[in-house]
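**Student:** Take the sequence shown: its letter number 154 is residue 154 in UniProt numbering, and every next letter is one higher.
Careful, some of the hints might be misleading.
[To be verified] Keeping only pairs whose Cα atoms sit at most 20 Å apart, straight-line, the calculated SDA-like set for lysine to any residue is:
#, residue 1, residue 2
1, K169, N181
2, K169, T130
3, K169, F138
4, K169, L187
5, K169, R184
6, K169, V261
7, K169, G258
8, K169, E198
9, K169, A30
10, K116, A105
11, K169, D190
12, K169, Y199
13, K169, V128
14, K169, F32
15, K169, M267
16, K116, I81
FYI, nobody ran anything at the bench for these hints, they're computed from the structure.
As the structure is a computational prediction, the values presented were derived from the model and not from experiment.
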Amino acid sequence: MSSLDVTLLGTGTPNPNPDRAGASYLFRAADFRFMIDCGPGALLRLGQAGANASDIDHLFFTHYHLDHWADFGPFLVNRWIRGSRTPLRAYGPAGLQELVSNVLALHRRDLEYRRKIRAEPMDLPEVVATEVDEGFIFDHQGLIVAPFDVAHYPIGQPFGFRVEARDRKIVLSGDTCPNENLIRNALNADVLIHECVEYGAWTATDIARDHMQHAHTPPAALGRIATDARARLCVTTHMLAASRPEELHRRIRQEFSGPLVIGQDLMTL
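Build out the structure end to end from the sequences listed, making use of the hints.
**Tutor:** This is the structure:
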C-alpha cells in the first residue's frame with residue numbers, strides 16, 4: 001500500500017453541479033491529513049470521505065477564485081464546533097492573510113453566539129496564515145508539499161502543487177493553461193491531477209471566450225501535457241457540467257496513451 005493517497009473531494013467549477021463539488025482535495029500520508037483548496041461543497045464531501053474538519057490542521061490554496069475557497073468559512077466554524085483547539089495552518093499565494101481576516105470577520109458573530117452556549121470556555125478559531133512563493137517547501141516527516149507557479153489569467157500568482165512521499169509523487173495542476181513550469185514539476189508523476197476545460201462546452205456569455213486559452217487547459221492539450229510529463233496516471237478535474245466524460249476521454253486519448261481516468265468526486269487514488 002502506498003504511503004500517500006488523495007481523495008478528489010470536488011472536481012467541478014464555479015457553476016453548481018450536484019455531481020461535482022468545487023475544487024478540493026484530501027491527502028493522506030499515514031495518520032497525517034491535509035487539504036488543498038476548499039471550494040463549495042468541500043465540507044460535505046469531506047464527511048462523505050470519512051473525515052471531518054477537525055482532522056485537518058493544514059490547508060493549502062492554489063488561488064482565490066471563489067470555487068477554490070467558498071467552504072473555507074464553514075470549514076473553520078465546523079472545525080471549531082468539533083472541538084479542535086489547535087490553530088489551522090493555512091498556506092497560499094499573496095492575499096491569504098486578507099482572505100483569512102475577512103472570513104473570520106464574516107463568521108465572528110456566529111462564533112460568539114456559539115461560544116456562549118459551550119459547556120467549557122473556548123477561544124475563537126486561530127488561523128496561522130503563511131503567504132508563500134514557488135520555492136517554499138512544507139516538510140512533514142519526509143512528506144513534501146511544494147507550490148509552483150502556473151498560468152491562470154488574470155490571477156497574478158496561481159499555484160499548482162507537488163506532493164511527494166518516499167514512494168509516490170502526486171501533482172495537482174490547479175487552474176492553469178498549458179505551461180512549461182507545470183510540465184517540469186509534473187515530470188514522472190505517479191498521479192497528475194489536471195484541470196480539463198472543454199472550450200466548446202463553455203456556456204457563459206458574459207466572459208470573453210478568448211480568455212480561455214490563457215486560463216484553462218482543453219482536453220487535447222492536457223493529453224500533450226501528460227505525455228510530455230511522462231505521467232504514470234492522468235486524472236481530470238475542474239470539468240464543466242456540460243462536458244461528456246466519454247468525449248473528454250476521447251480527446252485526451254488522441255495525445256496521451258498512458259493510464260487515464262476521468263475524475264469523479266470521492267474517487268481515491
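**Student:** Each hint: holds or not?
**Tutor:** Here's how the hints hold up against the structure:
1. K169 x N181: Answer holds: K169 to N181 is near 16 Å, not above 20 Å.
2. K169 x T130: The hint is violated at about 24 Å.
3. K169 x F138: holds, 15 Å
4. K169 x L187: Distance of about 9 Å is within 20 Å: holds.
5. K169 x R184: holds, 13 Å
6. K169 x V261: Roughly 17 Å separates the two Cα atoms, so the pair holds.
7. K169 x G258: holds, 16 Å
8. K169 x E198: violated, 27 Å
9. K169 x A30: holds, 15 Å
10. K116 x A105: holds, 18 Å
11. K169 x D190: Holds, because 5 Å separates the two Cα atoms, which is no more than 20 Å.
12. K169 x Y199: violated, 29 Å
13. K169 x V128: violated, 27 Å
14. K169 x F32: holds, 16 Å
15. K169 x M267: At roughly 17 Å apart (the allowed maximum being 20 Å), M267 and K169 satisfy the hint.
16. K116 x I81: Given pair K116, I81 holds - Cα atoms ~12 Å apart, limit 20 Å.
Comparing the model with each numbered hint stated earlier shows that hints 2, 8, 12 and 13 do not hold.
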